[in-house]
Amino acid sequence: MENFQYILPEIFISVSIMIFLLVGVFKKNSANLIYNLSNISLVILLALIINLSSLDTIYLFNKSYLIDNLSNYMKIILIGSGIFVMLTGSKYIQVINLNKIEYPILILSSILGMMIMISSNDLIVFYMGLELQSLALYVLASFNRDNLLSTESGLKYFVLSALSSGLLLYGCSLTYGFSESTNFDQILINSTEFNYGTTFGIVFILVGLAFKISAVPFHMWAPDVYQGSPTSVTLFFAILPKIAALSVFIKFLYTPFANMYDQWQTIIVFISIASMIFGAVAAIGQKNLKRLIAYSSISHMGYALAGLATISNQGIQSSITYISIYLVMNLAFFSCLFMLKRNDKYYENIEDLSGLSKKHPILSFSLLIVLFSLAGIPPLAGFFAKFYVFLAVIEQSMYFLAIVGLLATVVAAFYYLRIIKIIYFDPEKDEYEKSHNLGLKITLAISTIFILAYFIYPSSITEIVSKITMI
Amino acid sequence: MNFPILSSLILLPTIGALFILFTKSSSGKYQSAKYVSLFISLANFLLSIYLWYIFDKNSVDFQFVENREWLSGFINYKVGIDGISILFVILTTFITPICIISVNATITNRLKDFLIAILIMETFMIGVFCSLDLVVFYLFFEAGLIPMFLIIGIWGGERRVYSAFKFFLYTLLGSVLMLVAIISIYWITGTTDVEKLYELGIKAEYQNLLWLAFFSSFAVKTPMWPVHTWLPDAHVEAPTVGSVLLAAILLKMAGYGFIRFSIGLFPIASENFTMLVYILSLIAIIYTSLVALMQEDMKKLIAYSSVAHMGFVTLGIFTMTQQGIEGSIFQMISHGLVSAALFLSVGVVYERHHTRLINKYGGLVSIMPRYAIVFMVFTLGALGLPGTTGFIGEFLILMGAFEKNILVAMIASLGVILGAAYMLWLFKRVVFGEMNNQELKSMKDLKTFEIIILSALVIPILFFGFYPEPLMNSIETSVENTLNMYNIDLINNLASKD
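Listed in order, the protein sequences are those of chains A and B. Here the working numbering = 1-based position in the first sequence + 33. Here the working numbering = 1-based position in the second sequence + 20.
Hints are computed from structural coordinates only; laboratory data are not their basis. Given the structure is predicted, the values throughout are model-derived calculations rather than measurements.
Once the Cα atoms are required to be at most 25 Å apart in a straight line, the calculated DSS-like pairs of lysine-lysine come out as:
#  : chain 1 : residue 1 : chain 2 : residue 2
1  : A       : Lys-60    : A       : Lys-124
2  : A       : Lys-454   : A       : Lys-391
3  : A       : Lys-454   : B       : Lys-132
4  : B       : Lys-54    : A       : Lys-391
5  : A       : Lys-133   : A       : Lys-60
6  : A       : Lys-61    : A       : Lys-133
7  : A       : Lys-462   : B       : Lys-132
8  : A       : Lys-454   : B       : Lys-320
9  : B       : Lys-132   : B       : Lys-44
10 : A       : Lys-391   : A       : Lys-374
11 : B       : Lys-132   : A       : Lys-391
12 : B       : Lys-44    : A       : Lys-474
13 : A       : Lys-462   : A       : Lys-124
14 : A       : Lys-467   : A       : Lys-378
15 : B       : Lys-54    : B       : Lys-132
16 : B       : Lys-517   : B       : Lys-223
17 : A       : Lys-378   : A       : Lys-462
18 : A       : Lys-320   : A       : Lys-391
19 : B       : Lys-186   : A       : Lys-454
20 : B       : Lys-44    : A       : Lys-392
21 : B       : Lys-44    : A       : Lys-391
22 : A       : Lys-378   : A       : Lys-124
23 : B       : Lys-380   : B       : Lys-467
24 : A       : Lys-462   : A       : Lys-474
25 : B       : Lys-44    : A       : Lys-467
26 : A       : Lys-392   : B       : Lys-132
27 : A       : Lys-467   : B       : Lys-132
28 : A       : Lys-392   : B       : Lys-54
29 : A       : Lys-320   : B       : Lys-186
30 : A       : Lys-378   : A       : Lys-474
31 : A       : Lys-124   : A       : Lys-392
32 : A       : Lys-462   : A       : Lys-392
33 : A       : Lys-391   : A       : Lys-462
34 : A       : Lys-462   : A       : Lys-320
35 : A       : Lys-133   : A       : Lys-189
Bound conformation, chain B alone (with noise of 0.2 Å):
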């Protein structure tokens, strides 16, 4: 396999991007811009399939890996996937088209700009699924910051600036230390190279401080309480497209980074920090839950479903059982469907009433009956009802946490009560109820290119919700190779200090 078809993919949407940059516009909408960004991502997601097509799913190796020459020669530019980054890969490739086609909707002014950050930033969200060296992991994730700063700050609501710099700054507190965490690993072992670092191992009296400064990235990222502060800002200001990519793929980041760095690389750190990470975890489920319920913002009410779901996740991964970490990846991949759903199916409300005041509405369904039943399967899905994506998701994770720890499992089922709570309370105050406000009434159903994505986004939910075999096939092997080498890791440690 000479073709370098990583590089490929994440270089497409930047040329695309700078395509978009010489198009002209004599009147104004922008057309060849949108078709040359429609083009270049729906290209971007059939090389992903592709890709998927070919990956050998019964292979611990990381594979399509390209490592060159970069950085004054002992850092190089290494890229490669596993069953685990694929998916976020083709999540991330899925995504991006069905925001491009709802921009239609939601951007009036700069559309041309907006097009270009959206590509731009896709390609640092596959760069960091990619990416198998520490300082290019570093590079595109922090890199990602500049683009959604842009989105959030020009296309944002009323307190975009505060949110913007608020998600800035945040991200970048957190993400410093890990530099400084990254370039220790290189002094310690001698190399950024993770496929390297998973062989050589970690000395065991480095690893606790090393995994704190990459959880204080990944905390931040996630995020977990109690710094999760910034996410309902960033949500409630950024545009719809905004909210999607952020919900879908930039908390997924963190969640991969977990996985991929702070168990691959510091699994004894890990295996210490865990009642750490449990006890975050069921705060951010309980208590954002709880949160969720109060909010009367849409979008605000779904940023602390997110926080909770993403509290899923984190604790999933901290099982450190076959079924936790697969439900949590299971989990990542359900969120990133069914939150990019729920931000869409608000935009589509917000852009025909201009408010995302839940009080605001009541009884939908009598003039948007299309757009409610959609509404009810995003629903069911983000509160986890079995036939979707969220129950499998959620079950796996469940399990896992029964497996190690009782009462952490128990608390956290509470959480998928309260989930169910605050989603089915919000679909039942928007959709059903008595149609107080008479401005309602005006309100068309869904059209032509709204159906087109919200059932996109409907036919994976329920797909694999009911048949969620060829994402578990993907992502089996590669989770029992990581188990195997953190569990191998552990053994070792205590053997040599017996």
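Bound conformation, chain A alone (with noise of 0.2 Å):
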């Protein structure tokens, strides 16, 4: 029973789930209140997980689920970043009458299958996680049910992730079978030696989680998923489950496969790289901001992922710091889409953009930050961001993944400096609303102000994150 008190986060939230299922379901008219209730549960859930995070790491039920500083420090990420997404989409959310009980509990939901992830010392209960936020996310991405696209991205969404399931499933039932356990400190301990089974195994698993993770080859869903959800999902896609993914990224490739790291270095980098060059050419001839966005994260995670493949703690550290800032300027993105809002109807493609600096200044000076950041310009996050990947890759000479990366930013910059010239550049349009309310001014401004101070104090982030230690 003593292991109780440690997994009390998870706890919490699946009684608030249940709660809220239940007042849903009693009390008419409840949607706004159960909005409400499920951001007060989610403060909480942060609390009870910073709280518990001074602590070192702690294995529970029969060393199937592991308590340690990185499962902490994505908790934390993953739970801040989803506080923000539901402040920010709040407003969207009414305007677009998807106002329904259903969707705090499902976003609340799918946080807790990533929380099971996240922390998940066992294939079994990776799985389980991983199949609960699979199954909310399938819904959020078709909620709005009367929009052919969102429809279209739901489908989409299951059939091709239902696939990568199944793969991962696979790889999981072979490693199970040639290293006899389900335990990933077990399968570490088993797999000493070279053996086909595992090798694929490992195949099988890394694709499945690529396709979590939006990375080419299995990248052709995020475009029109991210397109057809509404934009406050699209944002929670962006950054909620590429926490989790990333993070069980690090876990498989440095517990259970630690070992094995030859054969998954060259998988790792091939990912990497050409995640880099697709994400940055493709995104160049597109049009509606969300798409754009989604190339953009494909490219991003292939930075992301670099750090990875360096098998090395720096490595993996600057992943961690990369997706903290990555997560960031989403944020700030996203709540510059939110704004351009006219007549209760939402704009999301570039040309909507046209002029927009002459009557929105603040606005346009924020999307101009995060867009240089994105593109990785110094002195802004983003720049701090790409330095420590490419530090780390540095250090154990992969100087062909830096070069090709760094390249990859310049193709990148294009695209981004493209949003940029017609913002500043082109001639106006029509008047945007002004009045927003407070949750998204609030993230827009904490964001802005973070990427753009981030340089006075740049080991802000990395000190933390040097906690965090797999080899």
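Join these two chains into a complex; the hints should help.
So, in structure tokens, the structure goes:
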């Protein structure tokens, strides 16, 4: 029983979900209430996890569940960004009539699934968490059910994701078959010798994970799903599943498969390079901002994975730093997107930004900062994210990866510049609404100031992350 | 010296920009924004003059050094200046107020944003010349792209989008390799601190690749042939003030980088690649001078002449002689003043007549006599007439080149003649000759503020042309020190081979 105090956050969120569900069923018109309650419960959840984060590594439930520095940090940024996602999206879902009780409950369940994924130390627990988050995400993607694109994106995501889950499960079974255990630590001990079974297992598991993180060549769902889903869900897609998937990536590569690094290193390098280049090139022709950000996130995942390919603590830490800065940049970008509203209609094409700077100087300035940061131009936060990754990559003398990655940033800079050009250089269009809800404004202000002022104290994230050691 | 004088120099313009952000204008004229920016930039100029006054010219060490923990404890925020960088700092703080005064005439829309962009730009430019850590240097070097991109893109001419993109992507592409090199240096030597790197030295086996990576960045920024094509586009489309900043200061970052980093950190590689630089410089001098001769657009002509002048600079630096390097630094300062003045002069007639085509002008001397005089001084400065700063720079560079390689020096001397040809021909076509165009008759001579800014440029061009001693004094010790280190490194390398 003494184990239960350590999974208090998970228990708390599960109980909250059930209570909210009951409230939603028995109390009419309670959508707003549940939305706000969910937000409060996320804040409490965050407090509970921060409370636990001072502890050292703890194994729970027969070593199938693990709480350590990695899981704590990842959960904190996961739930922190969850709170901001809820804050920024609250007005949006009201305007487009999606304010139903299921929406916050689905978000909470998917967060619960991600928390289980992040903490899992066993193939079966991991798969349970993965499916919990995926099932919630399928519904969220098609949540705007009267919209053709939204239903399409939900279906597409479901079919492709089910396929990748199948591959993943196959990989898990192969791994189990050849290493005789589902426990990550046990697999590490049992897989000292090379055998084809485990290698195949690794490949299938990596394919499944690459799908979840939308890395090339398993990215094809991302643009459609990003475009079709309601924008608040797109924001959720762009941040939270990536955090969970990246931490599972770290976990798989450096716990059960740590001895097999010569098998997976080339795969990660390939996925990383392909994502960086493809994300940069494919985004050039896009007209829809959500679609563009989908490609941009593909290429950003390439950089995050580049850190993992280094097989060093510094590389892992740089990846985690990268994703932390990436999520702030995405929050800022989507906050700007939520502000493009006129007469209860949201605009999401690049042309809609034309000449924005004349009538909305502050909004345009925030977008300018975010876009230059996404492009990785110093002295903004995005540059430091890339800097840490390349610092780790070059330490391992992986010059090819570094040079390709940096050249891809130049290509990527082109399409970010194109948006800036449209905002600042093009003739202006109609004015957008200027009153926004407080949550949105606060999110935008905090994230923009973070990006802009990061260079003053650039060690802020690295110091926390430096506690995470996997090797 | 506990007061962080260099950090204040770097940060003051940004603080000014923040102030301007909160100024309001009821009439849309932004008077307060103009005064704040002018005040801040003049204060910065006085501060830099004071810095020059208390600067010890006989010391070989970096002075006013500030060293703070910054990036996870392994990379420090380190700034400091020596005799070379202080001149560039003063050039920057001198040109910025001139830009701000001339904003009056050229910029009509979004004046406030423009002033903020210029002040932010000043921060980055001073930062480049002061930084004593490679990462800090890279940060300032790259950050300058953002305001310059906006200056060209928002306030530029017709093809501004194309030019802004070309400028940004060219420079970024050149610079990313430098970032790889900087990180590699960190892993090879364990530090990015320039002073420590001077002491430690970098192993000969790594130097060639690292030198090339730095070169790719500096060659684009200089710009050297064949990657100079972004410069004419950027200059033609940029507003006058943008061209002034670009020509006077941004191009100098690369020349400064060559002296500080290429020669200072990679002496062996610099020796290996001397011939490459000579050839590229000679092509730049001869080829772009010929191109300049054929231009019909005044700004484009001056832009190509900038490429040729920067060719002299790179040539002078890589002669590795006291005269050559001193001449290059002098040439950079001189070109900073002269090209700024020329772009402002073009701006003066462009603002009145709204064209930059040379054949639309002629006979301006009869209606704008004052303009004709200052324009003549600048023309003579650009072609290097004795008595102007241009002469001293070119003369020293050629002296250095003769010492090392007579053929190179002779070809480069042809460039001086070509320079005289295109500048005098430009002057003849614009200022002298028949006034065929009747519309020109309505043009007014210089206004008061134009007289102020142009004479502010005439004075140093003539003064330092006749009496270069103050500038030479300042750089002499530092150049000597750089060359000493360079030669010692080369001798050590030869000794280790034997």
